[in-house]
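Chain A is fixed; fit chain B onto it per the hints.
Protein chains: 2
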Amino acid sequence: MFVINKQEGLIIIGGAEDKKGEKKILKEVCTHIDKNSGLLLIVTVATEKPTEVGNEYSNLFNNMGIEHLSILHVENREDALKTENIELIEKASLIFFTGGDQLRITSILGGTPLYSSMKRKYTEGCVFVGTSAGASVMSNTMIVKGMDDESPRKCTLKMAPGLGLINGVIIDQHFAQRGRVGRLLVGVAENPETLGIGIDEDTSIIVNKENVLRVLGSGAVYVIDGSSISDTNVSEQHQDDMLSIFDVKMHVLKNGDKFDLKTRRPFI
Amino acid sequence: MFVINKQEGLIIIGGAEDKKGEKKILKEVCTHIDKNSGLLLIVTVATEKPTEVGNEYSNLFNNMGIEHLSILHVENREDALKTENIELIEKASLIFFTGGDQLRITSILGGTPLYSSMKRKYTEGCVFVGTSAGASVMSNTMIVKGMDDESPRKCTLKMAPGLGLINGVIIDQHFAQRGRVGRLLVGVAENPETLGIGIDEDTSIIVNKENVLRVLGSGAVYVIDGSSISDTNVSEQHQDDMLSIFDVKMHVLKNGDKFDLKTRRPFI
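Order-wise, the sequence lines are chains A and B. The numbering of the first sequence is our numbering, which starts it at 5 and goes up by one. The numbering of the second sequence is our numbering, which starts it at 5 and goes up by one.
One should not assume that every hint holds.
Treat identical chains as interchangeable: a pair holds within one or across any two.
Said to hold, decoys possible - With a straight-line cut-off of 27 Å between C-alpha atoms, the simulated BS3-like cross-links for lysine-lysine are:
1. K28 x K262
2. K213 x K125
3. K39 x K213
4. K266 x K86
5. K123 x K266
6. K24 x K213
7. K262 x K31
8. K86 x K253
9. K23 x K266
10. K213 x K123
11. K123 x K253
12. K24 x K95
13. K213 x K266
14. K266 x K125
15. K253 x K23
16. K213 x K27
17. K27 x K253
18. K39 x K23
19. K162 x K149
20. K125 x K24
21. K253 x K162
22. K27 x K262
23. K262 x K162
24. K24 x K149
25. K27 x K162
It should be emphasised that the hints constitute simulated quantities derived from the structure, not laboratory data.
Excised from the complex, chain A in its bound form (with noise of 0.2 Å):
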């Protein structure tokens, strides 16, 4: 019998998941919705080519039996007030954002009716998903820009206020191929308080009501805990200089492994 996960609202995706051999994560997402009855809805507006994305995305769910599937195409404000497409939010039971730029998905989408009814859906028990940039903007503040591939440097992330799904965390995406712990260290440094998570390629989290999140994929999920930071000179003059933080705490999970956000400890 086919059993829907309802206790578990938000899969967040590092990027460039599977969508040629297992399909793993892709798989995941349909056990989230009754593939006869609930309606998919993929929204593109992350993307300049919202086509392309969205005809990718609703052929992969087709072939794996999704049978109602739309393409919700934002692709300026005034789309985000359109009656036929706050419609198409309302009747889906899971909401799938690709990827693309995600200051594309909080400027057009901010202060909308559109957007206000994503967000009452979230609190009704619709199923959010977001790969890549759609991952980066779940948290109420998102990474927009910052260096890859470069230690931790003093005012080079820029951040913006993002869609709010989940409290308390920075998400980064790409996360090992970009290299990008050292980013997110900075942002973790600014407000040890929030937990940074930085998720690779073709690996996601799936997180539960009760804020516990597991890995699914083929890489890893780096939890990086600055409450254990004992100094740091993020905040000082000097704004070219390398960061340097103390005792900041690392977890890296794999496939299966669990995180508890609440007490910030990883569990198997």
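Same frame as chain A, but now just chain B:
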């Protein structure tokens, strides 16, 4: 009879509040605490001159009749673990953040037991006041650095996660004096869900439990509402381009004006 205003839990000051003349804002602060029994705690973590700044405010409040005053010096993360410092937070009726560097506040306090105590105290009704850097830090996402006296230009704004005592807004301070409308517009365009609030020097907003703010002080408070933005190039390429934003809404509020953060409407 002396009445404490228990309905207003957050006072956010745009910096450089009058300390020699009428001292309207600091006097207002004193109406939020029982002068004879409440402990007013001055938190100097933002500044690199904690003794000087702490003593200045301590003398000011003492001359206004506050009997119980303490200064909390937290100069590094180790200080934020000390029992005696946490006890000071526990005893406080009103916590006053001085100016300085907002990243010092979050990078030193974030993820520490002292910060947890503060957040709990806030939910229990302890009044929080912040001026300048202490103002910026109040929101979920805070402005750290940006260009003063400049038109909005992309990628010139540095933000980071703040203390999160007020949701859905970005606060900016020394607003007209340092020509900061450009940088606040960038922040709002990046996510128009977030209201921009720019507070002039010697000007404050006092926020009540119903998320209604009132303005007190000699300058203006600018509320930038991006929900009406019809188009912006904020998310597109070419980082050094000027930012274009169409149809942004702005309110300029003066002493006594009110603004409902829920409905996004000003009133008198």
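Which hint numbers doesn't this structure obey? Going through the list in order, the structure violates hints 6, 9, 12, 15, 17, 20, 23, 24, 25 and respects the others.
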